[in-house]
Amino acid sequence: MKIYGKEIKDYVNDLINEIRKVVDDKVVVAAISGGVDSAVASYLCWLAIGSNLKPVIIDTGFMREGEIDDTVKRFEEIGMHVEVIDASSLFYEALKNKKDAEEKRKIFREKFYEVLSEAVKNYNASYLVQGTIAPDWIETKGGIKTQHNVLVQIGIDPEKKFGFNLIEPIANLYKDQVRKVAEYIGIPKEIINRQPFPGPGLLIRCVGEFELEKLKALKNVTFLCEKYLQSINASQAFLAIFKKPRMATSNKIVEFLKETKRIIGIGGRGFKTYEFYELATGVKGDARAYGKLLGLYYKEYDAFLKHKDEIIQEFSRILPDYTRLLIMISDPRPAGKYAIALRAVVTKDFMTASVPDLDMELAQKIVDEILKDIRITHVYYDITPKPPATIEYE
Amino acid sequence: MNRKKVLILGPGGQYNHLIYRKISELGHESYLQDFNSDFSINFDAFIIGGGPARLSKNSYEVKRIRELVYQSSKPILGICLGFQILSLIYGGELTSSKPSFGPQKIFIEKYDALLNNIPNSFVAWESHNDTLTKLPEDFEVLAYSKLNATKIVEIIKHKSKLIYGVQFHPEVDHTEFGKEILNNFVNLNE
Numbered sequence: 001m002k003i004y005g006k007e008i009k010d011y012v013n014d015l016i017n018e019i020r021k022v023v024d025d026k027v028v029v030a031a032i033s034g035g036v037d038s039a040v041a042s043y044l045c046w047l048a049i050g051s052n053l054k055p056v057i058i059d060t061g062f063m064r065e066g067e068i069d070d071t072v073k074r075f076e077e078i079g080m081h082v083e084v085i086d087a088s089s090l091f092y093e094a095l096k097n098k099k100d101a102e103e104k105r106k107i108f109r110e111k112f113y114e115v116l117s118e119a120v121k122n123y124n125a126s127y128l129v130q131g132t133i134a135p136d137w138i139e140t141k142g143g144i145k146t147q148h149n150v151l152v153q154i155g156i157d158p159e160k161k162f163g164f165n166l167i168e169p170i171a172n173l174y175k176d177q178v179r180k181v182a183e184y185i186g187i188p189k190e191i192i193n194r195q196p197f198p199g200p201g202l203l204i205r206c207v208g209e210f211e212l213e214k215l216k217a218l219k220n221v222t223f224l225c226e227k228y229l230q231s232i233n234a235s236q237a238f239l240a241i242f243k244k245p246r247m248a249t250s251n252k253i254v255e256f257l258k259e260t261k262r263i264i265g266i267g268g269r270g271f272k273t274y275e276f277y278e279l280a281t282g283v284k285g286d287a288r289a290y291g292k293l294l295g296l297y298y299k300e301y302d303a304f305l306k307h308k309d310e311i312i313q314e315f316s317r318i319l320p321d322y323t324r325l326l327i328m329i330s331d332p333r334p335a336g337k338y339a340i341a342l343r344a345v346v347t348k349d350f351m352t353a354s355v356p357d358l359d360m361e362l363a364q365k366i367v368d369e370i371l372k373d374i375r376i377t378h379v380y381y382d383i384t385p386k387p388p389a390t391i392e393y394e
Numbered sequence: 395m396n397r398k399k400v401l402i403l404g405p406g407g408q409y410n411h412l413i414y415r416k417i418s419e420l421g422h423e424s425y426l427q428d429f430n431s432d433f434s435i436n437f438d439a440f441i442i443g444g445g446p447a448r449l450s451k452n453s454y455e456v457k458r459i460r461e462l463v464y465q466s467s468k469p470i471l472g473i474c475l476g477f478q479i480l481s482l483i484y485g486g487e488l489t490s491s492k493p494s495f496g497p498q499k500i501f502i503e504k505y506d507a508l509l510n511n512i513p514n515s516f517v518a519w520e521s522h523n524d525t526l527t528k529l530p531e532d533f534e535v536l537a538y539s540k541l542n543a544t545k546i547v548e549i550i551k552h553k554s555k556l557i558y559g560v561q562f563h564p565e566v567d568h569t570e571f572g573k574e575i576l577n578n579f580v581n582l583n584e
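Going down the list, the sequences are from chains A and B.
Residues in the first sequence are numbered from 1 upward in steps of one, following our numbering.
Residues in the second sequence are numbered from 395 upward in steps of one, following our numbering.
Where hints are given, some of them may not hold.
Output of the computed footprint for chain B on chain A, the stretches with three or more beta carbons under 8 Å from beta carbons of chain B [said to hold, decoys possible]:
id: 1; region: 132-139
id: 2; region: 278-285
id: 3; region: 305-319
id: 4; region: 336-350
Restricting the straight-line Cα-Cα distance to at most 27 Å, the calculated cross-link-like pairs of lysine-lysine (DSS-like) are [unchecked claim]:
id: 5; chain 1: A; residue 1: K98; chain 2: A; residue 2: K161
id: 6; chain 1: A; residue 1: K252; chain 2: B; residue 2: K545
id: 7; chain 1: B; residue 1: K499; chain 2: A; residue 2: K258
id: 8; chain 1: A; residue 1: K258; chain 2: B; residue 2: K545
Computed, partial: chain B to chain A, Cβ under 10 Å [claimed, not checked]:
id: 9; residue: Y409
id: 10; residue: N410
id: 11; residue: S418
Rather than coming from a laboratory, the hints here were simulated on the basis of the structure.
Keep in mind the model is a prediction, meaning the values are calculated, not measured.
Idealized CB from N, CA, C, for every residue including glycine.
So that you can see chain B by itself, here it is in the shape it has in the complex (with noise of 0.2 Å):
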């Protein structure tokens, strides 16, 4: 395994510092930066991790990381506010009528190498007021949850570049298979 050098950009969330460590225990080299302050893109990966915005589609955050996206072509994850901000670049849209706090059960549609040796359901860990209604551009569905019968948009995956977000947290502890899901992320280029 190669270690990777891993830039976290954490827009004020409560388990980014976790992203830094999980990484870190992954045996990579772990930065965890404040989302306002500048940064280089000399690294392997990027992870945008969560926050508490409330984000439309000109938004600092979706500004800020849309710069990023353009610059960079490395491995890209966005993960809770991270998927929401990248969803937004390419046009999807959210509403704050679905809500999900706590464990939810993932169902995965489309396996894919971030999905690497995954169990086709698995019980994973959300905080979010705001949720994908629309899917953005250029981008498909790998994994979806259930609202009764509607299907809730999960993991997504952009069908040309390395460009992923999962709207739940692989990061904490309570997500099954949260660190095999970040393992996955960071070796994509091997």
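Just chain A, same shape as in the assembly (with noise of 0.2 Å):
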């Protein structure tokens, strides 16, 4: 097996070596998150320097249910301490009511390196490693959505502001080849087939104003759906959730729902079109595109699904505000404030994204768990693929 052209053996023993060289007989933090990427990030510099290596874990108040307590004990089972640091009320405090997607991220990122700059405070450390992979800092540089892990790629001195250097020993890696040198040193199968799951966690998935009510309703249908979205033939399937939309109409909308009645071929009354209040990342072009979201409605909604590689290109064509195209998949009822949006993609290195054909018994059983919960008023499924949306929505 090979990494760039190179023996994946040769390749481990480089990184380890050049981690010896860098950090000598200083102290290192490491960063842990429970996914893959840190994990392998820390793992090689616990085989290169052994005890020096610190292994903290945050909690910022947006993982999932139980997340925290699973991570530190699949980490003793490869003999690594993990300390948490419980820092929710200092990240709630700072999110509360922001809504602009970069405005969250940045407030993430700065409460983020503060936190763990007292942790290396404490320890003496000298450097933080950290679980940058390629596509972080090529969507950070390239102004699309800002990664909370990359600083030095965009200029940000780390040494004088936050008191550490930075060592990222899979900076050059995508998402496939960080689960070869997992599988190769020995990283837990739980860990290595874990979906992704973003640093800022459960803060871009309650899109737009953050509210602490907003985001306990998404723990709780996050955890009530946990087993089907397991169940999902997909790379990644999570949920979001938004203010519930109004129905909307335009010139422009009617024409892309004319275009996409043509494609479906079926005609007639029955279609819905919703806007939503949030705005979402996507990537047009190589740029950040900051978009508007379109929802549709129609009873029989397999139809959407089986054309929307078609339907996509004409929603970006007439609708170029817009970066997300969600399929209404309950019916919608009148109680309830908060919309969920189902979101799965099928990738390997999450670069580009598609999105997976929808069981429709699977489906339908995530709506009747979604909708347990009264809050929820409408259930949708995201159709566009990346480009020209993101994976996540912020």
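The task is to assemble the complex, starting from two chains supplied on their own in separate frames and drawing on the hints.
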């Protein structure tokens, strides 16, 4: 097996030797998230410098139910003790009522490194190791979205700003390559196969204004649907929460609906269009697109799913201000103040992503679970690939 | 197979590092360089990658690559923005009314060494706001996609030089036969 044309054994040995050379006898703090990227980056350091590595995990308050405890247990299995730092009230306070996606991500990043720089001081460490990978710095540098773990690549000097230097052993790798390295060095299967979960966690899945109630509702439905989300045939499947959208139309929306009806070969009435209050991040022609979301309702919604590629091309052409098209998979009910979007994608490297076909029976089970929460009124399936959307909404 | 030295010039696009990855995985010496820094012309092949710029014929990107085109006789491949840069150098024209993002069906019109062992239609992924409407002089169309009844140019080739352009992204994992197209390109001079 090879990484960039090099045997994996040599590739890993070179990384470990490089870390030893750089770190020497200094202390290193590792920022663990529970995902495979930070696991590989820290375990490589562990192999290089042993107990001079101090792994920590920050409880940001945006993790899923039980996530912190599971992660700590998994790392115990490979001999690493992880310190939990509870910083949830700090994050909640700083993010309350913030709406703009980039503002939320930047505040998250600031708080994240503030907490880590405290940990670095407490351990008297000189370095922080983190699991930044290629898409992180490519998207941050390209201005698509601010990933929380990218500093040096966009000209921020961590030593000056936060008092430590960074080690990013896998910054050149994509997810599929990281997973190969993970397997080779013996990271537990549960961590390797875990679906990616963003650093800012559920914060960026509470799309638009951040409120605690919205977060609670999202945590609840995510917990209710967990086992069904795992059984969707996807590289990543998750839920996001929005304010209940309003019915809306415009000349352009009418034109788009007309094209859609032509594509699916169904005319007549029974179609509804909804406009969301929030904006979502997309990537069009290598540039960031922070655009509107359109919801589409027709009772037999699988007609849309069968022709989704064609519909999306027309959507991008006719409605350039939009970045997402969501198909309603529940019947609209009047009660409730939030809508939930189910997002599922298929991808190896997370640079491009397609939307898998949805098993109708499974979809119905997910809808039923979600609507158990009376705060929810609509459930949608997002059919926008990357590009023009990104995988997460913010 | 000879190991080739390939220079990738990246004008700030999302997938340029993936071009680097794919060329390395094909067993070649791959160099990814920032578009703005000086580069040597001592390479076996050149790839101009994608980027967010919206071009006109006087754009900086066009001027910069025009020099390369005149100085080197080695194969050159333009991808996405790179395709548009090469088109503008040779008098092509772009429109902003036909953007394309995500999967698009490509139909081959004329076979060429670049398309060895590629079926006559396949799905490729795109991400472009601007689209070629006038073919550059001395170029021919190798493949197109369809927008309703209109043909959209997807692959072009210079009639006498080893200069190619593809509007879609062969370097992304979702493009079918993308790696084969890159492999064919790097081996053009064999």
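A quick look at each hint next to the structure:
Residues of the region 132-139 of chain A with a Cβ under 8 Å from some Cβ of chain B number 3, which satisfies the need for three, so the listed coverage holds. With 3 residues having a beta carbon nearer than 8 Å to a beta carbon of chain B, the region 278-285 of chain A meets the requirement of three or more and the stated coverage holds. With 5 residues having a beta carbon nearer than 8 Å to a beta carbon of chain B, the region 305-319 of chain A meets the requirement of three or more and the stated coverage holds. By the rule of at least three residues with a Cβ nearer than 8 Å to a Cβ of chain B, the coverage given for the region 336-350 of chain A holds, with 3 such residues.
Restraint check: the Cα-Cα separation between K98 (chain A) and K161 (chain A) comes to about 24 Å, which is no more than 27 Å; the hinted pair holds. Between K252 (chain A) and K545 (chain B) the CA atoms are separated by roughly 24 Å; this keeps the pair inside 27 Å, and the hint holds. A hinted pair counts as satisfied when its Cα atoms are at most 27 Å apart, and K499 (chain B) with K258 (chain A) qualifies at roughly 22 Å. Taken as a hint, the K258 (chain A) and K545 (chain B) pair is honoured in the structure, with Cα atoms around 22 Å apart against an allowance of 27 Å.
Contact between Y409 (chain B) and chain A, as hinted, is supported at the beta carbon level, the nearest pair being about 6 Å apart and thus within 10 Å. Of the supplied interface hints, the one on N410 (chain B) holds, with its beta-carbon coming within about 8 Å of a beta-carbon of chain A, less than 10 Å. Hint status for S418 (chain B): holds, given a least beta-carbon distance of 4 Å to chain A, under 10 Å.
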